[in-house]
Structures are given as C-alpha cells and as structure tokens.
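Let the hints inform the model, and build the full structure from the sequences given.
There are 2 protein chains.
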Amino acid sequence: MNKKLLIVSTSTIHGSGYLEYILDEVKDFFGGVNSIVFIPYARPGGLSHDDYTALAKEKFSGLNISVKGLHEFDDPITALKDAEGVFTGGGNTFLLLKTLYEVGVMDMLKDRINKGMPFMGTSAGSNITGLTIGTTNDMPIVYPPSFNALGALPFNLNPHYLDPDPTSKHKGETRQTRIEEFLGFNDIKVVGLREGSWLRVNGDEIELKGPLSARIFEKGKEVYEYQPGIFNI
Amino acid sequence: MNKKLLIVSTSTIHGSGYLEYILDEVKDFFGGVNSIVFIPYARPGGLSHDDYTALAKEKFSGLNISVKGLHEFDDPITALKDAEGVFTGGGNTFLLLKTLYEVGVMDMLKDRINKGMPFMGTSAGSNITGLTIGTTNDMPIVYPPSFNALGALPFNLNPHYLDPDPTSKHKGETRQTRIEEFLGFNDIKVVGLREGSWLRVNGDEIELKGPLSARIFEKGKEVYEYQPGIFNI
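Residue numbers (my numbering), protein chains in the order written: chain A, 1 to 233; chain B, 234 to 466.
Keep in mind that the hints were calculated from the coordinates and are not lab data. Do not take every clue at face value.
[To be verified] Each computed DSSO-like pair below joins lysine-lysine, with the alpha-carbon atoms no more than 27 Å apart:
#, chain 1, residue 1, chain 2, residue 2
1, A, Lys27, B, Lys404
2, B, Lys236, B, Lys404
3, B, Lys292, B, Lys314
4, B, Lys452, A, Lys98
5, A, Lys4, B, Lys404
6, B, Lys290, B, Lys314
7, B, Lys292, A, Lys169
8, A, Lys171, B, Lys314
9, B, Lys331, A, Lys171
10, B, Lys452, B, Lys404
11, B, Lys422, A, Lys189
12, A, Lys221, B, Lys236
13, B, Lys348, A, Lys171
14, B, Lys454, B, Lys422
15, A, Lys169, B, Lys237
16, A, Lys189, A, Lys221
17, B, Lys301, B, Lys290
18, B, Lys237, A, Lys171
19, B, Lys301, B, Lys260
20, A, Lys209, B, Lys290
21, B, Lys452, A, Lys59
22, A, Lys27, B, Lys402
23, B, Lys402, B, Lys442
24, B, Lys290, B, Lys236
25, B, Lys404, A, Lys98
26, B, Lys404, A, Lys171
27, A, Lys189, A, Lys98
28, A, Lys171, B, Lys301
29, B, Lys290, A, Lys171
Written out as structure tokens, the structure reads:
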C-alpha cells in the first residue's frame, strides 16, 4: 500500500509557535498539494470547530495551501473522498474518535489513506492512526462506540511520551507503567513518541524523525529505545 | 439513603506504606465489621487477583478484619449480597469497571451501597463511586461496555488530583484543562481529590478529610477550592 503519513507527537514544542518547529517537514510532506481538509473534532481546550480551523488556515496559508474544515462541508464523506490531503489536529482523542464515528467518515478515511492520500496528524490526530486509542493520555470525556482507530500503522502510539520524573512524590502511575498495563491485555506494539519527534510513512517504510529517540513497548520484551531513522520494529 | 462510604484519593502517600497514613480512619470506618470482600479487579501494574488480595489481607489482619477476594467466590453476586463490607483497590479504572460489568455485580453493589453496607475505595476504586469514569486519569487499556459508574456520589471524582507544574515544558494538557474539557460535554460536578485527601460519606453528609483542600469544577462556574469539612457543593 502506498500510504503517505506524517504522524507528529505534538503540534507545538516549548518556546515555539503552532507547528513552527516542523513547518519544513510539513511543507515537504504536502509538496504539490494545493488544498487540504482539516479535521477539527478533537477541539483542544473546548475550542470551536471554526476557531480551530482558523488556526490551521492561518498556518497553512504561509505554505500556499488552502484549508477547509471538515465541519464546513454539507457532506463530509464526499469531502474526504475528494480531498487532496487531510490534517487532523490534536485535542481530546475520545472526542475526536467519537465524532469521526458519528459523522460516519472512518471507512472513507481508511480507504483514502490506504490509497495514498497524504494524511497528517498531531497528538490526538496521530493517536487515531494507530490500531486503537488504548494508549492515549487523554481523559475519557465522552464514550466512543469503539476504541478501534484507523489502523494506518501496525502499532499504537503514545504521543507526548513522558519519561518518569525521578524527583516526583506523586503516586499516580508513570507513563511506562500505564503502557505496560496496556500490554498485559493487548498484544499490540506501542511507540512512545516524545515531543519534538514524528514519523514519516511512505508505503511500508516508516521513519522516525526529529532529534529524539522513541521508546518501544512490546508484549513479553524489555522496553527499548529506538534512534531516529528507518523504523524496523 | 444510609450510605457509608470511604472514598480515598490514593492508597499510599509518598514515604509511607500501603494504607498506612489512613489506617486510623479505615479502622473507625469499618468499626464492628469482622470481614470484608476485596475487589481486586483494577490490578495495579498487572498484579494478579491473588497477589493483590494478599496485600489487602495482610493490611486488614492488623485491624482484625478478615478479607476474601471477590474472585475467590464461586458466585460473586451472592458474595456481595452477603458482604459485611467491601473494599475496592486502585489500579486501572477501565479494567475495574469492565470487569465489574462482566462479572455482573454492578446492580448488587449499587443496591448494597444504597442500603448502607460500608464501601471503601482507593484511587480507581474511588473513581467508580462517581457518576461516570469520565474524569479518570487512567489509560483506556480495555473497552468497558459503558463509562457509567456506581453513582454513589452526586458528582465525579478525579483522584490523585495534580496541580499544574509552572516549570514544566511539557505540552500535554494539565489536569485542570482536561477536567474543563470534560465539563464542556458533561454537566457533572468534578471533585479533584489530592493525594492525602479522602471523603467520608454518612447518608447525605459528605465530609472532606485530610490536610488538603479539594479542587471543585462545575459547568459555567469558576473553579474553586474547598477546605476540609462537611461538603456542601
């Protein structure tokens, strides 16, 4: 399959504006694309679909790519059928997935991704490209009809992957403990993608990009680090 | 209704053993009770039902209260029907709720709680006493048939409530942001219960205990702090 994906841990890193640190990669990824559909359903901080889409419009206008929010179309399925490319923003993963199911676009999204339409996601928008959303960090503010996601990757993601703070006195589980609990009930690899990291997918080739290693969790294996480069996990 | 609940944010605080900091309260709460049923389904860190129950058994033997794990009974519904008291341990809230639904004991638990059987929960075991598990911090490692919980309290809980770290460079949402997102889709009060805090419920009276204030979130209101004492939110 001829997948083209840009799977980004976070839209924004500390001390930098929205998508700024990754703008060269985004430009390259959407090279030749004149317009994209933005999926605003994750609504970070309760932002409206319009306001969230405006943020994407402004940022992509600098790349000469026009943006229209999926919520602006009368027929979202046809909108995705015809889209040159898609960008799904971050926010709450449960809300995003529930809305995608409700709007009825999951199958069309999968189909277009499998046929090579460029798909970019950040944070929650990246989470949904995995097999399930079972390794999201988000709060389950709404109940989706399933945790099954787009399955565009052969594993799950944990964006914003966070190393344990050795000085912490807090008794909540560390991220690693949570993911290991997930592995106890799911035979699904998990890629912990730190802020500042992203995956670029071309067909079957997956490349880890950015300055940081990723943390890889597999059932029955010791957790390990993967350095930037072509992925072979 | 004659509810008797002990709703604890965390079983363990920094620098202290399992349940140690709250043992006097537990002793008082279960005064007159000779045996309790322990619900081990949340399985913290993937601990087996037996090992988790052994931990509770050991701690409660010091209070002269015998403990039997709900998984040890042939008929869990009858076990809860006959229980003098119940303690539900922490771990993963999704796993706990899913298992309670699968085992078929949700209705019996609600019924016994409403009729005054003492029920103690810590962490995930506290989460399930709220209206829904929509404000858990846990990872959705399994898919429960519903997010609806026991509804023994007229609000939701966020145990292990954590104040934002002003020095953090991490771009994941703060706990407050997550709960505010929840309020955007649910008209349910949320009590952020810090580690070291607990609620003691006697009938309709709810008391916040421990040295710390709780953080209260309500739809359309500014978030506020509630000091220890009788709750009136």
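Hint by hint, here is what the structure shows:
1. For the hint pairing Lys27 (chain A) with Lys404 (chain B), the CA-to-CA distance comes to about 23 Å; that is within 27 Å, so the pair holds.
2. Proposed proximity of Lys236 (chain B) and Lys404 (chain B) is contradicted: the alpha carbons are some 41 Å apart, above 27 Å.
3. Distance hint between Lys292 (chain B) and Lys314 (chain B) is fulfilled; the C-alpha atoms sit about 24 Å from each other, no more than 27 Å.
4. Note on Lys452 (chain B) and Lys98 (chain A): the hinted pairing holds, with a Cα-Cα distance of about 22 Å set against a maximum of 27 Å.
5. Pair hint Lys4 (chain A) plus Lys404 (chain B) holds up; C-alpha atoms about 26 Å apart against a cutoff of 27 Å.
6. Note on Lys290 (chain B) and Lys314 (chain B): the hinted pairing holds, with a Cα-Cα distance of about 20 Å set against a maximum of 27 Å.
7. Between Lys292 (chain B) and Lys169 (chain A) the CA atoms are separated by roughly 23 Å; this keeps the pair inside 27 Å, and the hint holds.
8. Of the pairs offered as hints, the one joining Lys171 (chain A) and Lys314 (chain B) is violated, with about 33 Å between alpha carbons and a cut-off of 27 Å exceeded.
9. A threshold of 27 Å between alpha carbons decides the hint, and for Lys331 (chain B) with Lys171 (chain A) the separation of about 23 Å falls inside it, so the pair holds.
10. Of the supplied pair hints, the one linking Lys452 (chain B) and Lys404 (chain B) holds, its CA atoms being roughly 25 Å apart against a limit of 27 Å.
11. Under the criterion of a C-alpha separation no larger than 27 Å, the hint pairing Lys422 (chain B) with Lys189 (chain A) is inconsistent with the structure, at around 36 Å.
12. Taking the CA atoms of Lys221 (chain A) and Lys236 (chain B), the gap is near 46 Å; set against the 27 Å cutoff, the hint is violated.
13. Between Lys348 (chain B) and Lys171 (chain A), the direct Cα distance comes to roughly 33 Å. Violation of the 27 Å bound is thereby established for this hinted pair.
14. The straight-line distance between the Cα atoms of Lys454 (chain B) and Lys422 (chain B) is roughly 10 Å, inside the 27 Å bound, and the hint therefore holds.
15. The straight-line distance between the Cα atoms of Lys169 (chain A) and Lys237 (chain B) is roughly 30 Å, outside the 27 Å bound, and the hint therefore fails.
16. The hinted pair formed by Lys189 (chain A) and Lys221 (chain A) meets the criterion: a straight-line CA distance of about 10 Å does not exceed 27 Å.
17. Distance restraint check for Lys301 (chain B) and Lys290 (chain B): the Cα-Cα separation of roughly 7 Å lies within the 27 Å cut-off, and the hinted pair is therefore satisfied.
18. Distance hint between Lys237 (chain B) and Lys171 (chain A) is fulfilled; the C-alpha atoms sit about 26 Å from each other, no more than 27 Å.
19. With a C-alpha separation of about 17 Å, the suggested pairing of Lys301 (chain B) with Lys260 (chain B) holds against the 27 Å cut-off.
20. For the hint linking Lys209 (chain A) to Lys290 (chain B), the alpha-carbon distance of about 50 Å lies beyond 27 Å, and the restraint is violated.
21. This hinted pair does not check out: Lys452 (chain B) and Lys59 (chain A) have alpha carbons roughly 32 Å apart, beyond 27 Å.
22. Annotation: proposed proximity of Lys27 (chain A) to Lys402 (chain B) holds, straight-line Cα distance about 26 Å (limit 27 Å).
23. Proximity of Lys402 (chain B) to Lys442 (chain B) is assessed by CA-CA distance (about 33 Å); at most 27 Å being required, the pair is judged violated.
24. With a CA separation close to 24 Å, the supplied pair Lys290 (chain B) and Lys236 (chain B) stays within the 27 Å bound.
25. Pair hint Lys404 (chain B) plus Lys98 (chain A) holds up; C-alpha atoms about 23 Å apart against a cutoff of 27 Å.
26. Distance hint between Lys404 (chain B) and Lys171 (chain A) is fulfilled; the C-alpha atoms sit about 21 Å from each other, no more than 27 Å.
27. For a cut-off of 27 Å, the pair hint linking Lys189 (chain A) to Lys98 (chain A) stands: about 23 Å separates their Cα positions.
28. For the hint pairing Lys171 (chain A) with Lys301 (chain B), the CA-to-CA distance comes to about 26 Å; that is within 27 Å, so the pair holds.
29. Between Lys290 (chain B) and Lys171 (chain A) the alpha-carbon distance is near 22 Å, which keeps this suggested pair within the 27 Å criterion.
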